[in-house]
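Chemist: So the protein lines, in turn, are chains U and D. First residue of the first sequence: 5, per our numbering; consecutive thereafter. First residue of the second sequence: 2, per our numbering; consecutive thereafter.
Quick caveat, the hints were computed from the structure, so don't treat them as lab data. Each hint should be verified, as a subset may be incorrect.
[Claimed, not checked] Estimated spans, in silico, between C-beta atoms of each pair:
no., chain 1, residue 1, chain 2, residue 2, range
1, D, 44, U, 41, 26 to 34 Å
2, D, 47, U, 55, 54 to 62 Å
3, U, 55, D, 82, 23 to 31 Å
4, D, 95, U, 37, 40 to 48 Å
5, D, 129, U, 28, 36 to 44 Å
6, U, 41, D, 82, 43 to 51 Å
7, D, 129, U, 61, 48 to 56 Å
8, U, 25, D, 97, 52 to 60 Å
9, D, 159, U, 23, 22 to 30 Å
[Unchecked claim] Just a few of them, taken from the derived set where beta-carbon distance is under 7 Å, the chain U residues facing chain D:
no., residue
10, 20
11, 23
12, 224
13, 227
14, 231
Note that the Cβ used here is the ideal one computed from N, Cα and C, for glycine as well.
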Amino acid sequence: MQHLDEGTIHAWLDGALSLDEAAVVEAHVAECPQCAAAVAEARGFIAASSRILTALDHVPRGVVPVARPARWSNPAMWRAAAAVLVVAAGSLVVARNTGNRSAATESSPTAAKSEAVTAMPSAPAAAAMDSSAQTSVAAGSLQRNSVAPERTTAKRATTQVPADSKQGLVGSIPQIADLGKAAPPSSQPSIRATDNSAAAAPAPITAVGTANGVTTVTWTDAGSGNVLKLSGRLPLAQLQQIKIRIEREREAAAAAAKKNP
Amino acid sequence: VTDVERLFRTYNAALVRYLTRRLGDRDWAEEVAQETFVRALRQTSIQNERAWLFAVATNLVRDEARKDMRRRKHLALLAEQERDEVVEPEETTLERAQDAAMARKAVDALAERDRLALLMREEGLDYNEIAEALQLSPGSVGTTLSRARRRLVESYESLQKSREEREKNAAS
Chain U
5 MQHLDEGTIH AWLDGALSLD EAAVVEAHVA ECPQCAAAVA EARGFIAASS RILTALDHVP
65 RGVVPVARPA RWSNPAMWRA AAAVLVVAAG SLVVARNTGN RSAATESSPT AAKSEAVTAM
125 PSAPAAAAMD SSAQTSVAAG SLQRNSVAPE RTTAKRATTQ VPADSKQGLV GSIPQIADLG
185 KAAPPSSQPS IRATDNSAAA APAPITAVGT ANGVTTVTWT DAGSGNVLKL SGRLPLAQLQ
245 QIKIRIERER EAAAAAAKKN P
Chain D
2 VTDVERLFRT YNAALVRYLT RRLGDRDWAE EVAQETFVRA LRQTSIQNER AWLFAVATNL
62 VRDEARKDMR RRKHLALLAE QERDEVVEPE ETTLERAQDA AMARKAVDAL AERDRLALLM
122 REEGLDYNEI AEALQLSPGS VGTTLSRARR RLVESYESLQ KSREEREKNA AS
């Protein structure tokens, strides 16, 4: 009998031969040292190739990243963050004291009587709002936190700031959300100012200060005689414009209150 | 209707291993395996389940390779990941990775038909199943396998030898 070919040896070792064929191979291998050696070699190849192929199973999982942690990878997130920063930088805080004291520096035990005014008609925020006067007025609406603490702004101020120093501090960021869907001016809590005079001319600015890039203008409210402060990271000219708008707003509110007490 | 859940339970592990060895990528392998079972779902009856599944999986891989798109994407992701995080592997992992790389090289050096036949055999397919999946004559499977095994082992050993020589040279 001629020697076994390699394919037959592998088929035999793989159990792929019929019983008859297997018997013939077995008989030959028992008698032929050459084929016995070939069988031994084939066994070695079978075992070795199995072992080599097993090494292929050590493929690190996730060679293809399934999903990267969302760390600022979304451009929209950056845009949103930028908007918040811009509006935060442009937000203004107006504080009024019942007396002639400085709101930002002094702590007042008369917090209940204090009035925090948020103004947000700054230029960077304009994108978020309609630039018409009506919307600006709505956005720049003034509120007493003693009167309307239900607004997020007022709540923020109350929770973040110790009670004795909360005047003048307004969390401006939550305000942004409100601005986007600002209600018509009529629904805004309007100021019930006590002053009767409808001063037509803007009140003179009594003091201008700049610290850490924040400009503050101070003036005396014509109607009430209270000292008002307006601060923001804005040029003085812009602050003045905002101040005028605030005054107009207060005048209008005062007039409305007079008409409809 | 084919009971796909049973098919999945019976053959998924072997199919994924086969595909992982074929593709060198576990995630890709799982994707192809899933697609294979989806195809099985559409069949009213399958005569030889194992041969059918391996044949379909093999064809899916072939189709994908033809498109080449997935591979490019994969490479791009790999490159990106490498830039992002270069993690020094542990010693054992490194050795293992070297073994895997050599095995990969040796397997890739095989002719496609030899490679597939060998990988299928490793998953327990018998000669008739391999013949059916690869459209070979049953009588040639033994020859195909013996050639594949010999070449695989020989090229792996020569890779091993050259690595040892490189290490010897680096040491001296």
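Chemist: Could you run down the list of hints and mark each one as holding or not?
Modeler: Hint check results:
no., hint, verdict
1, D:44 to U:41: 26 to 34 Å, "violated (47 Å)"
2, D:47 to U:55: 54 to 62 Å, "violated (32 Å)"
3, U:55 to D:82: 23 to 31 Å, "holds (29 Å)"
4, D:95 to U:37: 40 to 48 Å, "holds (43 Å)"
5, D:129 to U:28: 36 to 44 Å, "violated (20 Å)"
6, U:41 to D:82: 43 to 51 Å, "holds (49 Å)"
7, D:129 to U:61: 48 to 56 Å, "violated (26 Å)"
8, U:25 to D:97: 52 to 60 Å, "violated (40 Å)"
9, D:159 to U:23: 22 to 30 Å, "violated (39 Å)"
10, 20, "holds (4 Å)"
11, 23, "violated (15 Å)"
12, 224, "violated (60 Å)"
13, 227, "violated (62 Å)"
14, 231, "violated (56 Å)"
Hint compliance for this structure: hints 1, 2, 5, 7, 8, 9, 11, 12, 13 and 14 are broken, all remaining hints hold.
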